[in-house]
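Student: So the chains spell out like this:
Number of protein chains: 2
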Amino acid sequence: MFDTIIIGAGFAGAVLAERLATQRQQRVLVIDKRQHIGGNCYDCFDQHGVLIHQYGPHLFHTDNKQVFDYLSQFTEWRPYQHEVLAFIDGQKVPVPFNLNSLHSLLPKSLADSLELKLIDRFGYGVKVPILELRKINDKELKFLADFIYEKIFVNYTAKQWGKKPEDISAEVTGRVPVHISRDNRYFQDKYQAIPAQGYTKVFQNMLDHPHISVMLNTDFKDVFKLDLETGRMQFMQSEFTGQFIFTGLIDELFASRFGELPYRSLAFKFEHLSSQQFQEKTTVNYPNDYDFTRITEFKHISQQVTPGTTIVREFPQDFERDNPSRNIPYYPVFTDENKQKLDRYLAFAEQFENITLVGRLAENRYYDMDDIVARALHVFDARFASPG
Amino acid sequence: MFDTIIIGAGFAGAVLAERLATQRQQRVLVIDKRQHIGGNCYDCFDQHGVLIHQYGPHLFHTDNKQVFDYLSQFTEWRPYQHEVLAFIDGQKVPVPFNLNSLHSLLPKSLADSLELKLIDRFGYGVKVPILELRKINDKELKFLADFIYEKIFVNYTAKQWGKKPEDISAEVTGRVPVHISRDNRYFQDKYQAIPAQGYTKVFQNMLDHPHISVMLNTDFKDVFKLDLETGRMQFMQSEFTGQFIFTGLIDELFASRFGELPYRSLAFKFEHLSSQQFQEKTTVNYPNDYDFTRITEFKHISQQVTPGTTIVREFPQDFERDNPSRNIPYYPVFTDENKQKLDRYLAFAEQFENITLVGRLAENRYYDMDDIVARALHVFDARFASPG
Ligand SMILES: Cc1cc2nc3c(=O)[nH]c(=O)nc-3n(C[C@H](O)[C@H](O)[C@H](O)COP(=O)(O)OP(=O)(O)OC[C@H]3O[C@@H](n4cnc5c(N)ncnc54)[C@H](O)[C@@H]3O)c2cc1C
Ligand SMILES: Cc1cc2nc3c(=O)[nH]c(=O)nc-3n(C[C@H](O)[C@H](O)[C@H](O)COP(=O)(O)OP(=O)(O)OC[C@H]3O[C@@H](n4cnc5c(N)ncnc54)[C@H](O)[C@@H]3O)c2cc1C
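The listed protein sequences correspond, in order, to chains V and U. Mapping of the first sequence onto my numbering: residues 1 to 388, in sequence order. Mapping of the second sequence onto my numbering: residues 1001 to 1388, in sequence order.
No lab work stands behind these hints: they were computed from the structure. Note that the structure is predicted; figures quoted are calculated from it, not measured. We put the CB at the ideal spot given by N, CA and C, even for glycine. Careful: at least some of the hints might be erroneous.
Facing chain V, a subset of chain U residues (Cβ under 8 Å, in silico) [unchecked claim]:
#1 G1049
#2 Q1197
#3 L1207
#4 V1305
#5 T1306
#6 P1307
Please model the complete structure; the sequences and the hints are all you need to start from.
Tutor: Below is the structure:
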């Protein structure tokens, strides 16, 4: 019947379905528990006709020409260069912190002096982690490092991960850069663009193939059984001997035998306003004020002309598997203990010859969209490209 | 695994899935060959953010309170009273033809005289078939009947069914009414409204149940086999002993054993315009001019405020099963021969105890949306309401 069953209709699942159907003439079934395809990249029009991203703003950017060309088979693009502001001391300034942010926030004399020092030490156009700044024996540069750390990072990170600021490791946030530049863009990748008709349309085009079936609103556990001892698979109560590609939570596939992997979740509060525009740029971060981390205004992405505008506030929250308003695992939580668990799962997975784990949840890794497309294309080449 | 498999995610399939899951706690699988739920009632936002009806304009209207209450569980409504104009002799006048149309098209003296005669003979507010007008021994009323027949009906009907005007039976079109009224509305039903968030959202809400799975992009013939001799059913190569509800083409289910039933298809040509508004009302019919039958402007339905507007022209065309641009069966073609075929199919279907045929295609009947919801609710009560 089906040669391959894929769990998850996000980029990991969709790329592999498309490749297997078009390149290997396989019959593929994609199963997702959501009511729609696209995974976290799903976008749709809200009731006011504004194209929103239901699981948070997704901005495509890549330096990988192969990925860009591959996706270009399924969509036209609209050029889009993402900019993010942070609300600091009552002003909105570009982040990552750059020379423009410096001049907006600090008094002229200090800003001028810091700018000269930064360019002199590191060169123009360079990204320097604040950890590096701190290492230099210079009071002003240390001040700058502390200022950025305090004003832009520590409280944002604390909100994001639900920790106290004092429990944030300075090591980790020390990696955040100062961009010695007047380039206000959030990314510097060569290919930055938005699918002209939205992300969901890309997925529709990828999956629109006579050999691909899509089963929605279906938790894989309800139709599929894996016997962890024998490796035997059952689909709808019959033995299944084809390939099984899994892009869901790795611990869920293996019945949490090594314990649950923790995640961080988000609550998205959407609001439609009757004004034409709410804020200057797509995303404004609120590191220090309010309980949300950021506000995104979607019209900047879709470039739509509509009388009103839709925004979303993001409230980080704990992930709870059995609580419908908290059960979406947005971000893996990385700790040494979790890393060990994950390694056990990945080693355990090796023994199942016909099972492939790929994706943000299945590999418990933070992949951007281009990363996961590249990863899925790689997995296809490595495991499925040649017959037999 | 699944208690019931339903083919088709239009109203017939969705109502039965919802009832079986919520009232009988069944596990239900709904299969559709399209990429989306909603059948012909599917709406979606086009790339300009205008909510369009992909398979032609759908206006909900009913006198059936039970149907209206049932659907109100799944949606809020926006009041909407449909009006249609016909482009006649260079003017746009209300249809069904009424006293306003009369005064717009005919010279004052004649219109005044006809109005008096109509009210006098039939009373105000009455709908009179033009066949009735012809029967009366009055030159002016006969003229009116012929005028309406020629200007409004015969060419429209000819386009619609791909016939020559002279081959249209005057009998059939004689049933079209004159509405002796100044009520310009197309329908007079008590409940006329549009789902506040569109039709597709209604289907999402109906099917959003933990016991309902939806399999899209899947022709039932690829996953389901019915042995016409033994009545045995196979789903994904295993025997299936549950209930099978079919809302697709009846002749397709029975391998065209009594011949194919003919249908009429449509080509929809969508166009987005940069102007705010294209025409005065939702739909304008073109009985005599051009090759399309009508133009619909969707913003009148969605009441959206957007800088541009999207319209669709409908070109009737032959139905061809193997031609992807002509393979949607929009309207059954009723002839005596087809009626006999259909009866043979329906009689044949009787023998399959676990198979239920319901819907516009499966019963080869023209059902409006409220009719099919009523029909599906009835089928549920009659066949599935009590534990079996
Ligand atoms: C808030 C946020 C913002 C982001 N912004 C960006 C951005 O700006 N740019 C960028 O490049 N990337 C961004 N990303 C990353 C992007 O979302 C991922 O790269 C991408 O979604 C990964 O694809 P995937 O297929 O691995 O996972 P997913 O998209 O998560 O798909 C996995 C699918 O598996 C399904 N599934 C899970 N469990 C089951 C089950 N039990 N049964 C059936 N189905 C199941 C899920 O429903 C889901 O549809 C962002 C991510 C988040 C969370
Ligand atoms: C142009 C047009 C305009 C209309 N306007 C109105 C209106 O204004 N008001 C009103 O009340 N009604 C209107 N209707 C009628 C309305 O569309 C129907 O009442 C309604 O769609 C009937 O629902 P259904 O479930 O029987 O059929 P459908 O909505 O046609 O659903 C049947 C489903 O079965 C699926 N299917 C078929 N074959 C297979 C297969 N082999 N494998 C898998 N799936 C299959 C199809 O893809 C489809 O999704 C209109 C109809 C048309 C054609």
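Student: Hint by hint, say whether it matches the structure.
Tutor: Verification of the hints:
1. Proximity of G1049/U to chain V holds as hinted, the smallest CB-CB distance being about 4 Å (cut-off 8 Å).
2. A least Cβ separation of about 5 Å between Q1197/U and chain V falls short of the 8 Å threshold, and the interface hint therefore holds.
3. Of the supplied interface hints, the one on L1207/U holds, with its beta-carbon coming within about 7 Å of a beta-carbon of chain V, less than 8 Å.
4. A hinted interface residue such as V1305/U counts as satisfied when its beta carbon comes closer than 8 Å to some beta carbon of chain V; here the least separation is about 5 Å, so the hint holds.
5. At about 6 Å, the closest approach between the beta carbon of T1306/U and any beta carbon in chain V falls short of 8 Å, and the interface hint on this residue holds.
6. Restraint check, P1307/U versus chain V: the minimum CB separation of about 5 Å is within 8 Å; hint holds.
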